[in-house]
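For the record, the sequence lines run as chains A and B.
Taking UniProt numbering, the leading residue of the first sequence gets 1, the next gets one more, and so forth.
Taking UniProt numbering, the leading residue of the second sequence gets 1, the next gets one more, and so forth.
Stretch-level coverage of chain A by chain B, calculated; a stretch enters the list once three of its residues show a Cβ under 8 Å from a Cβ in chain B:
(1) 467-480
(2) 741-751
Counterexamples of contact, computed for chain A against chain B with all Cβ distances above 12 Å:
(3) Gly-130
(4) Tyr-182
(5) Lys-215
(6) Leu-249
(7) Leu-285
(8) Leu-322
(9) Val-419
(10) Leu-427
(11) Val-442
(12) Ala-524
(13) Val-531
(14) Val-684
(15) Ser-686
(16) Ser-687
Calculated directly from the structure, the hints in this document are not laboratory data.
The model shown is predicted, which means the values in this text are computed figures rather than measured ones.
Positions of the beta carbon are idealized from the N, C-alpha and C atoms, including for glycine.
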Amino acid sequence: MLRAALAGLRAHRLRLLLTSLAIMLGVGFIAGTFVLNDTAQAGFAQQVTADADKVDVAVLPGSAGGRLPEKVLERIRALPGVTRAEGLIRGGAPVLGKDGKTVGDVPTTALSIVTGPLDRTNVVAGTGPGTDDQAAVLDENTAAAQGFRLGDTITVLDRKETAHQFRLVGLIDTGVDQTLGYTGAVGFTTDVARRMTGAKGYAEIDVAGGGPGLKAAVAAAAGGAYQVRTGAELAGDLARAAGTEIGMLTTGLLLFGVVAMLVAALVIYNTFAILVAQRTREMALLRCVGATRGQVFGSIVLESAVVGALASALGLLIGYGLAAATLAVLRAFDSPLPTNADIALTPATIASGLAVGLLVTVGAALLPARSATRVPPIAALHGQSEEPAFRAGPARGVLAAVLLLAGLGTTAAGAFVLVPGQQVSMLVVMAGGALTFLGVLVLGPVLVRPLSALVGWIPRRLFGVPGRLAVDNSGRNPKRAATTTVALTIGVTLMTLISVVTASTRLTMTAKLDEQFPIDYLLASQQRDAVIPRSVAEGLRGRPELASVTQIRQADATVAGRSMTVGTFSGPVEPYVVSGSMSGFGAGRAALEDSSAARLGVGVGDTVALRTERAGTVSLEVVALLDGDQSSLPPVTVAERSFDAYFGAVPDSLVMIGIGDGVAAERARAVVDAAVAAYPTVRVSSSTEVRGQFDEALDMLLMIITGLLGLAVLISLLGIANTLSLSVHERTRESAMLRALGLTRPQLRRMLSIEALVLGLVGALVGVVLGVVFGWAAMRAMLDGARLAVPVTSIVLLVALSGVAGVLAAVLPARRAARASIVASLAAG
Amino acid sequence: MTLTETRRQAPPAVVATDLSKVYGSGDARVHALRGVDVSFATGAFTAIMGPSGSGKSTLMHCLAGLDAATSGTVHIGDVELTGLTDRQLTMLRRERIGFVFQAFNLLPTLTAEQNIRLPLDIAARLADQALFDRVIETVGLKDRLGHRPGELSGGQQQRVAVARALISKPAVIFADEPTGNLDSRSGAEVLSFLRTSVRELGQTIVMVTHDPVAAAYADRVVFLRDGELVTEVNAPTPQSVLDTLVRLEA
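If we strip away everything but chain A, and leave its shape as in the complex, we get:
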């Protein structure tokens, strides 16, 4: 029996090759993800180990953001066995770019760079600052982005926003430190770092030394409130922290791998189902010569296991290659991922890749194998097996109806009933989507014929006899056609869903931005501190180029015993009143953001106590609640004069500016830029820029996700090619007859291409409908006030591409069919 199964494999190796390809791609993607993950993690580990080897013991603050006082360092230095101990300083120190404005959205992090063996800085060009108080180093990304080179003079603001100039002597690699990667880093000598940041104490103390019990001794000297780590422990912590992000990326990628494997499973299921149907006589013959049902079942399962194992092994190689290629690309683009580590194909990756491939293949072949056992021995004596007539039984209808109703009901509940923006709404919509999809899967064979008739309406009329025959053929075996197209539907559904979600997000966000940000320019510092002199806004208010200038001022104060931000505004602003009224807003009154009011437990008409710097405690009557999601006013808003009376002449925190009608944006921008040129921390952002960045980020996301889903679509195309080539094989004599009747070779090829086109379009059409419906449901579940946008162009393009891809999938089967000799084909079967 084993021999029979293996002989079967050999006989069908060409047909199984396409199936193998589906598994290979799926396993390759999953294995590649693992390899990438392992390599990146290994890279992190290598980097931090190299760093941490220099440190014997490190002392860290007990909580994030805490500090280690100077006296701890002194106590550690005094310990016997400690050869050296250095305190590291960290704090904000905004670097100014060549435009004279602070760089980035957050202040650059200043570091102290120690000299001697405890120096862990990775200088990639030039040198460290050494003991030169006029020298500084920058991380290479900031330097590259701002166009700074070694020898340039850079300007850095200290804590009091006084500008200091330094000579750039080196570039450093921030390595695995995610914070530094985000903020950028500027390094000074310890003294300068302390002066610039105003930091009291250290962010970390590194100790070099030897002897047993060093860690315990340091811990005892430092006191109980601090964390004490050995070098190796520190390396572990750092690598883990850095690896978390990679871990999330890995999880994300694996999701796409799961989709790909799901599609591959459908392709495998279909292939084995067709192979079993075609080998009915073979199975019957085996039964005739004494094989039991179990043996027939076993032979099919064995066949699938061999295919699965071989394809998974090849998939592992593909995954390895895929990861290597990705790393090469990442290296070429200077990505933040460590790419130096050796590419790691770990035993765990090998085991999971093989297991996934094997399980999916064998699992998908189980149903076909079971149907093989139902072949009676007498079938060996019948002639050509009849095409099974498909009849939609009532059970199928009932099941499909139940699934569809449940799925759509669940989705509707998630989209309409539950509160948007919660994870649970999203999960409910996803569950509804899964149920609906199952319903479509069950209903598929019933849907295929009407859909192919619909889709085939044009080809049927356009391509004459080949077109007509092709459309008929596409619905000929509804079960097979349904499974083939569903594989494509999965990919198209997800692609459509993603494009609907991104387009809707874009539309919703643009609408929200228009509401919230009815302004063209916003002036603010990186931290939205009160640093904009009032004269800036007052000067701008007189300019004819600008239509509106609104100032927002704020200060921290205690309201009803809680620390809150209190502010005021000057100029036109839309308050978005939820309840109460802003008319007659003046002294002794306050408007509260709705969420803050809820926190304080007050409503319109209540009174709250405000403790101020200058006016002592005053009591304020709450006259209005404002929509916090929409209003740009502070949590507690008071009248302008009252604010000055309470807090003094505080500078503006935000200035919102609208361009006058018919004024060119460049001209208005020049006016605004000139007004703030003297204030390096005041940055100008324009709403179009914000939107542009937002759009870019969305486009990028859409592109990446579509690319990743492309794999699933590719696998489903293998399925179409597979189904077609098996159909071509089944219809060998029929094709020969048509050729004898005068169908030319090109016509025969065209017939198969159109069949594939119809299959592709049916799959795409179902996918588009599902994608739009669930994309919209997902949007409703995710965002309050979501607006639906259907990116018609991309969807039409997607459908067209699916059709084209279907035709491409038909190229090889069609060629084989057209090449076959008529005489030989007539004799076949």
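Fit chain B to the known structure of chain A by using the hints.
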């Protein structure tokens, strides 16, 4: 002028001259046809007979342009098949040749009527409605035209196949064991229908068979053995065909 007279005066529909077909090479060489000279009269029903492996199917395939002969020539009417491209052969089949096979004659997705009209549709030709009606009448399938092959009996399916071959008014119809899969009653129906189309429509038919009873429906039977034309019988009866076969086998 009667049909019989036309037949005598018309040139033969199909002529094969010194036709040879060799399969394989070296030790595996098989001579399927060895210099066959044969012609088939226009408007006649000719049967090709011979024991298994005598080359009768190969002869038919070469005559119909489905297979290329190793040497020798085939003429259908005034067209010589040798040297025609695949496309030219396809066009020739469309215009001049009809086929009836032993099985797999019909497309399961098309109705009987669609199957009958298929050759015309492929050639994008309009049906001669009078001919269509007459063929349907003769074939006796008027009430079954809307049925698909799966809903027809084996005999009915073969009659649809013959009707399909007739509808394009081909110069010659090649029938390869058209009754091979039928019970004797259905077989008789199909064979008499073939003979009727020769008598009444003047159709030329060449039929390959190994059944003496089927061969007896023809006007003339030619006998092949080991790739050579050995003898022929005019106005055959089942008995005379059987006698000739027995003689050949001996």
